[in-house]
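Residue numbers for the sequence shown follow this note's numbering, beginning at 6 and rising by one.
For the record, the hints were derived by calculation from the structure and aren't laboratory data. Take these hints with a grain of salt, some might be off.
Distance condition first, Cα-Cα at most 16 angstroms in a straight line; then the derived EDC-like pairs of lysine to aspartate or glutamate [to be verified]:
no., residue 1, residue 2
1, 65, 116
2, 65, 123
3, 217, 228
4, 65, 154
5, 217, 230
6, 65, 27
7, 217, 246
Ranges between beta-carbon positions, derived for each pair [as the list claims (entries may be wrong)]:
no., residue 1, residue 2, range
8, 237, 93, 45 to 53 angstroms
9, 233, 263, 18 to 26 angstroms
10, 132, 232, 23 to 31 angstroms
11, 267, 105, 48 to 56 angstroms
12, 196, 268, 17 to 25 angstroms
13, 132, 262, 39 to 47 angstroms
14, 85, 260, 31 to 39 angstroms
15, 69, 106, 15 to 23 angstroms
16, 39, 12, 47 to 55 angstroms
17, 197, 115, 41 to 49 angstroms
18, 238, 120, 45 to 53 angstroms
19, 75, 260, 41 to 49 angstroms
20, 79, 223, 33 to 41 angstroms
Note that CB positions come from ideal geometry on N, CA and C, so glycine has one too.
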Amino acid sequence: MVTMSFTRWGPPIDVLPLFAREEQALLDVLTGLDAEQWAAPTVCTGWAVHDLAAHILGGKLGRLSRDRDGYRATAPREGERFGDFIDRINGEWVVACRRLSPEVLFAMLVDSTSQIAEMWGRADLDAVGEPVSWAGDEPAPVWLDVAREYTEFWVHQQQIREAVGARTLDEPEFRGPVIDTFMRALPYTLRDVDARAGRQVAYTVTGQGGGKWTARRTAGGWELDRVAPTSRAPLASVTTDADTFWRLCTRNPADRARVTAEGDENVCAALLGMTSIITSGNGSPSPAG
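Use the sequences and the hints to build the structure in full.
The structure is reproduced here in structure tokens:
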């Protein structure tokens with residue numbers, strides 16, 4: 006049995022109870038869409054609402070195939086960067102799904118969600134899982150992988166809602182775990198910042214679902230905790246509101262005027278460049294999230 010210390014990513018988070026409710030919120034939106042809204046463009050370049058719904062479905066079916074059934078039929082081509090590989094297979098899937106009606110997509114989303122919930126309900130959240138690429142190269146705890154999956158579904162639902170003019174899913178119970186999960190990218194974001202042991206970096210997200218996080222330098226690297234900094238003069242600190250934060254982390258359009266940054270300019274720049282999604286080879290966000 007492999008044992009690892011996951012303290013660098015802070016305290017665990019359990020998002021399993023939210024999956025069914027987040028999915029129901031998505032289905033409620035999709036139910037009322039007309040043909041024009043299904044075809045509406047989204048912030049994901051070249052993708053309509055129909056494409057984004059197909060992408061969400063593809064993510065669920067892919068996890069079931071890989072994690073439940075042990076079926077892995079795709080892999081990066083020789084020399085292909087992981088982000089580019091994800092972009093390619095996602096694009097191939099979305100194009101193929103354009104042959105499906107909204108009604109078929111809807112029914113498949115309903116069915117796959119119940120299967121995903123059943124699969125993860127049996128998972129040991131504290132076990133060693135696969136890496137979460139934006140949080141580090143090493144194996145991560147299963148709870149972080151599951152939380153990453155929740156954030157992807159939530160972000161894409163937000164993008165669908167914004168495309169069709171629906172109210173966004175900003176209640177603290179839904180958005181709070183997304184903010185908490187995205188912040189787990191902070192230690193990896195600071196990996197090249199050289200500082201003496203004990204130095205701290207603070208990130209505060211204001212408003213409902215926000216909070217205070219501190220990364221502290223140790224002999225083994227940066228470690229995250231969900232607390233305010235104990236140092237009166239952290240190496241750097243950033244404060245922004247919850248809506249701006251998730252958009253910064255996913256490279257969605259964000260208002261930088263809502264950000265306050267103090268301290269070391271280079272460290273502040275690193276914090277504001279933190280991404281909690283997979284990016285393609287050109288640095289653009291991948292729809293995979």
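Consistency of the hints with the structure:
| no. | hint | verdict |
| --- | --- | --- |
| 1 | 65 to 116 | holds (10 angstroms) |
| 2 | 65 to 123 | holds (12 angstroms) |
| 3 | 217 to 228 | holds (14 angstroms) |
| 4 | 65 to 154 | holds (9 angstroms) |
| 5 | 217 to 230 | holds (9 angstroms) |
| 6 | 65 to 27 | holds (14 angstroms) |
| 7 | 217 to 246 | holds (11 angstroms) |
| 8 | 237 to 93: 45 to 53 angstroms | holds (49 angstroms) |
| 9 | 233 to 263: 18 to 26 angstroms | holds (20 angstroms) |
| 10 | 132 to 232: 23 to 31 angstroms | holds (26 angstroms) |
| 11 | 267 to 105: 48 to 56 angstroms | holds (50 angstroms) |
| 12 | 196 to 268: 17 to 25 angstroms | holds (18 angstroms) |
| 13 | 132 to 262: 39 to 47 angstroms | holds (43 angstroms) |
| 14 | 85 to 260: 31 to 39 angstroms | holds (35 angstroms) |
| 15 | 69 to 106: 15 to 23 angstroms | holds (22 angstroms) |
| 16 | 39 to 12: 47 to 55 angstroms | holds (50 angstroms) |
| 17 | 197 to 115: 41 to 49 angstroms | holds (44 angstroms) |
| 18 | 238 to 120: 45 to 53 angstroms | holds (51 angstroms) |
| 19 | 75 to 260: 41 to 49 angstroms | holds (45 angstroms) |
| 20 | 79 to 223: 33 to 41 angstroms | holds (38 angstroms) |
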